[in-house]
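J.: Given chain A, work out where chain B should sit, using these hints.
2 protein chains.
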Amino acid sequence: MKEKSMDRKRGRVTLPSESNFLEETKEMLDRLGADALRDSDGTKLDAATKALDAKIYETYFVSRGHNEFAKEHMEECQQLYLMSKRALATADQVELSFMDGYYDEQVAPDYVHDVKRWWEVIDRTADQVVLAEDWDVRQEENQVVVRNAVPFHEYTVSFLVYAVWDPTQMYNHITNDWGDVPHDIPFDVRYANSDTFAKEYLKQWLIDNPNVDVVRFTTFFYHFTLVFNSEAKEKFVDWFGYGATVSVKALEEFEAEYGYALRPEDIVDNGYYNSTFRVPTKPYLDYMDFIQRFVAEKAAELVKLVHDAGREAMMFLGDNWIGTEPYGPYFEQIGLDAVVGSVGGSVGCGVTLRLISEIPHVKYTEGRFLPYFFPTAFYEGNDPSIEAQVNWLRSRRAIMRKPVDRIGYGGYLSLAYKFPKFIDYIAGVADEFRLLYDNIGGSRPYAGIRVGILNCWGKLRSWQTFMVAHALWYKQIYSYLGVLECLSGAAVDVSFISFEDLTEETLDSLDVIINVGDAETAFSGGRRWGEEEIVSAVRAWVYSGGGFVGIGEPSAYEKGGRFFQLAEIMGVDKELGFTLSTDKYFKTQMEQHFITEDRTEAFDFGESMKNVYALDQDTEIIEYSDNEVHIASHAYGKGRGVYIAGLPYSFENTRLLMRSLYYAAGKEQEWERWNVTNMYCEVNVYPEKNKYAILNNSGEAQKTWFYDGDGAKEELTLNGGEILWREM
Amino acid sequence: MKEKSMDRKRGRVTLPSESNFLEETKEMLDRLGADALRDSDGTKLDAATKALDAKIYETYFVSRGHNEFAKEHMEECQQLYLMSKRALATADQVELSFMDGYYDEQVAPDYVHDVKRWWEVIDRTADQVVLAEDWDVRQEENQVVVRNAVPFHEYTVSFLVYAVWDPTQMYNHITNDWGDVPHDIPFDVRYANSDTFAKEYLKQWLIDNPNVDVVRFTTFFYHFTLVFNSEAKEKFVDWFGYGATVSVKALEEFEAEYGYALRPEDIVDNGYYNSTFRVPTKPYLDYMDFIQRFVAEKAAELVKLVHDAGREAMMFLGDNWIGTEPYGPYFEQIGLDAVVGSVGGSVGCGVTLRLISEIPHVKYTEGRFLPYFFPTAFYEGNDPSIEAQVNWLRSRRAIMRKPVDRIGYGGYLSLAYKFPKFIDYIAGVADEFRLLYDNIGGSRPYAGIRVGILNCWGKLRSWQTFMVAHALWYKQIYSYLGVLECLSGAAVDVSFISFEDLTEETLDSLDVIINVGDAETAFSGGRRWGEEEIVSAVRAWVYSGGGFVGIGEPSAYEKGGRFFQLAEIMGVDKELGFTLSTDKYFKTQMEQHFITEDRTEAFDFGESMKNVYALDQDTEIIEYSDNEVHIASHAYGKGRGVYIAGLPYSFENTRLLMRSLYYAAGKEQEWERWNVTNMYCEVNVYPEKNKYAILNNSGEAQKTWFYDGDGAKEELTLNGGEILWREM
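Sequence lines, in order, name chains A and B.
Here this note's numbering is used: the first residue of the first sequence is 79, the next is one more, and so on.
Here this note's numbering is used: the first residue of the second sequence is 79, the next is one more, and so on.
Mixed in with the good hints there might be a few duds.
All copies of an identical chain are treated as equivalent in the list; a pair is satisfied when it fits inside any one copy or across any two copies.
Unchecked claim - Keeping only pairs whose Cα atoms sit at most 27 angstroms apart, straight-line, the calculated DSS-like set for lysine-lysine is:
(1) 360 / 327
(2) 87 / 104
(3) 662 / 163
(4) 311 / 665
(5) 688 / 662
Simulated from the structure, these hints should not be mistaken for laboratory data.
Please read these numbers as outputs of a predicted model, since none were measured by experiment.
Bound conformation, chain A alone (with noise of 0.2 angstroms):
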């Protein structure tokens, strides 16, 4: 790495460190200039550790791990809502058997509340509650038996159970093999006890730990949702989850102060759980809010007490965390330090990087990067540099526009001691990260482009859209993901809005509103296309000079003759079968196209997109394959609009967005302005600092050609993974 030669400096880093690996540790905190220590999962630092010359951080749980009160106050035990197996009536009476596939070890169903009340038949072929008189419960069979049902519908159970042991430390016992560790009890804080006990717990966990410097909190209350099947295997994981939110008590205040019941369909939701690919209901969002109220104000209760205490209180972006989100409204009330959270993973580092680096009201954040200390990547003949490097690359584009105040890493630091290629790298990336820290000092890099993307979610959401489990890899999303971790790194002003944000402000505020994501999910936005003023309020946008980027089936709804409800700005549909008959002329590619103009690569639209056709001879047609068109354009008003038929992350993908955005906003004549003829590369200008920083995002080395602000070109040469800082 280039800025190893440079003069060294020290701070911004974090480590793990362990018991008995003091000399090491010492020696470690040096080579990465590392100011801050904290444990790990299956890590404690000892006395000798936390009596180091750094910031101690010590992983704090509120709501689990303290089975001695938990056991006590079972009736303040978390719950969830939980949908039974679909029973087929093949006579007038079924019998559902609710816990099956469920594990009991994690959930006990709730016999304690009024089952009638709290619990719901649902007849799945009609769509209709059955009544409560047509069912009772065998407590001792966890069965329902429905009476009166019609032959050859399916019926459902939405049922109450306690959640009685944490999802999380479940993983962790059942994969580490834990044998007799007891299950630690979730409790839940809206009930009086349990809110006494976690305050009580953490005044005297302050007294009693006077060398942590920072408490990490992993996380408040809530967990996101997380259920094993039968074999205690995962069954259902939403990290954006509010199943584990639920409580009679809850339930009943929603209602006091809402007016209105929930239902436990509005929870369950078809057995879809309100996931967040689903164009959330009103009585959903109205829950949200009455959560995120509750935990805000719980979690600021704690945080006082940590700040009483003369300490910072940090939080880790995961596990209990519901309720907390950074971008939402009572986020800033909650009073935090810091947010650290986990950085890479499959499909987005450049996302998750930003996810964290964004996250506002706080004094710094901190990303844990990749690999963890585990032997899962630290093991004999591995070099886990190389995963370091790809993933610091990746990162690093994005740190370029945002960067995280701290990087740090977690797990087992005896076990990466072992392995110094590694620990060369990663004190070079320390270095390397300490140095554009600096020279980015805190301001904000020249942006050739504001894009807003355009969702059910808007910012509460913001760097979070179609994550399912955190940034795994999922067939149905990689191509849409791809969107965002094209954007993370690149020269352009990222906001994440709502339909609810298409106002005159937020619209003057972008050159180009990107929608992605597939028919009828919350990030295509489904129904809400359906309404006439948020149609109009992008259309009458882009007639006026706005650009408009639809990804797979941008602004789908099938209405009044259009499946894609913006079609006339992209000059494109999609064909359902409807418009068979309505002969389609209109296929041939352009010969060149500016978004296309440097393509060499051949095209890959991930899981792409079929049957897209053109409208007229106005579309201009950038790719046609297979009988349908990927990639297109119009003219609308004096904005334009863009199709493109999925977009996974790549190079060359970021490329063609890149190119894309600057077409619909009418900019191609700033293409060559700040910008580099080698997709590889990058180039970041920050203005204030007069400073500029041309990257090399590849580990080998590239030449390209380099344009500076006034369109002045040089070619230059990078070595693999090179920054290389110019003064303006």
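T.: Quick look at chain B alone, frame taken from chain A:
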């Protein structure tokens, strides 16, 4: 061809002829054993030809080709409802140039009738009708001006036109550059003068043409919807479309009879014009019935005139055939002697053969085979016998199941005459056809399985599913139409049932129900699957032992947590994004399965279907690739479901479908009865005739094991195209 050495017979074959071709015509009648002669587009039979020892067919146009009448009665000209292009309002007034994109030599706006009553302006963005007081027509500019428009809404006007040029004549006129040949003006027999004229003219024509034996109606009154664009190219084509049946008088009579008025939108239907892919609405079904009854009544009057003159009445299945649907409830009343139709086309030789051969209530059916004797196939250097062989071998499969009563050809006989190899080939075809017709002798062959194709159209559209323009290839249909092409020559009984046919009686007559098509189309069924009675009826039937084969998006209708409403039957559903949070563990393809046991080629699912997943461990995953299921099966009570992602026509896929049907029906043990092991071969058994035939459907020699009715096997070799006839 094997049968050439046999005794030649005469009959069952129609040839085209033309003027001044007498001796060659005689020779050809003899060579092919033809017993009928016809005229064609562009040819006439002279008196000497008509005097030959052959039945004489002559083309007869009822409602066009009589401009001397039509011009005097332009108020009885046929009409259409058309939808204008969408116009974007950018202010509170918007102009709709409604003729934009239409061909003014084909259609002319109807300013005779009150536009405020008969036209409809629709705000397609709000999906609302605009008040009549808010718009006016500027006749001189063919414009509608909408006031009080909502900016950035899109508007259309549905307007009535007179159809002043018959679209088939128009197509021939333009294609063949007929210059100043007058444009045939179609008139509407719903009006008194036209009705009288049609009958009187026919009466006189029958007197004037004593040598015509068969009046070949081409066809009766209303052309399928065929509209041209402003460049006189095809703009909209729907072989099933009722567009041209509309008139003010029809709409008034409909209202009087049904007690409600149709809106223009009931015809225009968002610009989809009630494509057969649309799940039909009640008003549209009412309207079709209304037209069918009228057409049957009026056509019967003409047929009676033909019969009274001692001639036969034959209908050409095409052109002005709307309302005559041969599988409809009123067809029998027309009293026709015969139907002739075109066999072949790029997507379905067998399908189009069965479409004709299964027509009930006529004395005989006739298939017109390809190639047509036109210069497109008969040019120097081309061997038209190649196309003839492909078509014949594919059609022959279907003939073996249910023969047409006659075969024929069309075009210029003088042209074909110059290709002796071709003449030799079709002479052999004629002999083979007569032989197999005699052998089959009106008996129904053995069927291993009774199949019902379930869709919104049922019997009415027997062998006509998925068609847009007659038998043309469309990307969106070939993967589904292949199912019918496979079945057309397979040893199964095929019926077409609608959702209204799910009665005990109909279901008892079936072994397997097939549901095939894209979501929301009339062929998969769309919203009909939201009806609990329909879902329950199919479930109950399968549960009691029936078989269900779903292809594409069968039973698709998102409701109650499922996309495929019969997911539990097939063991699969399609991921729309809402259940990504639910872990999908079932991904392992079975090592072997009855359905794919003898598959050697790679699978071909055509357009295939994405994101289909197995529900649980009971799903038999038969093909899994690219992270999705393409073939699966599942037990359901005593019955079974099978899912297939798509099934374009091929020998391999015919086999796959047949195995799927046997498996779904639980009849695997009957597979080795009256069957062969070589997929290029098929067996047809005629118990009433004590005969069976083993076909080689390929052009090359094939070796195969043959299983007789007791399962005894025997190895056979068949020459290319051979049919081996045997006594039982």
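J.: Next step is simple, just say for each hint if it's right about the structure.
T.: Going through the hints against the structure:
1. 360 / 327: Answer is within: at 21 angstroms inside a copy they meet the 27 angstroms cutoff, but 49 angstroms across does not.
2. 87 / 104: within (16 angstroms within a copy, 105 angstroms between copies)
3. 662 / 163: between (45 angstroms within a copy, 15 angstroms between copies)
4. 311 / 665: Answer is between: at 16 angstroms across copies they meet the 27 angstroms cutoff, but 49 angstroms inside does not.
5. 688 / 662: So residue 688 and residue 662 pass the 27 angstroms test inside a copy (15 angstroms) and across (24 angstroms) alike.
No hint from the list above goes unmet by this structure.
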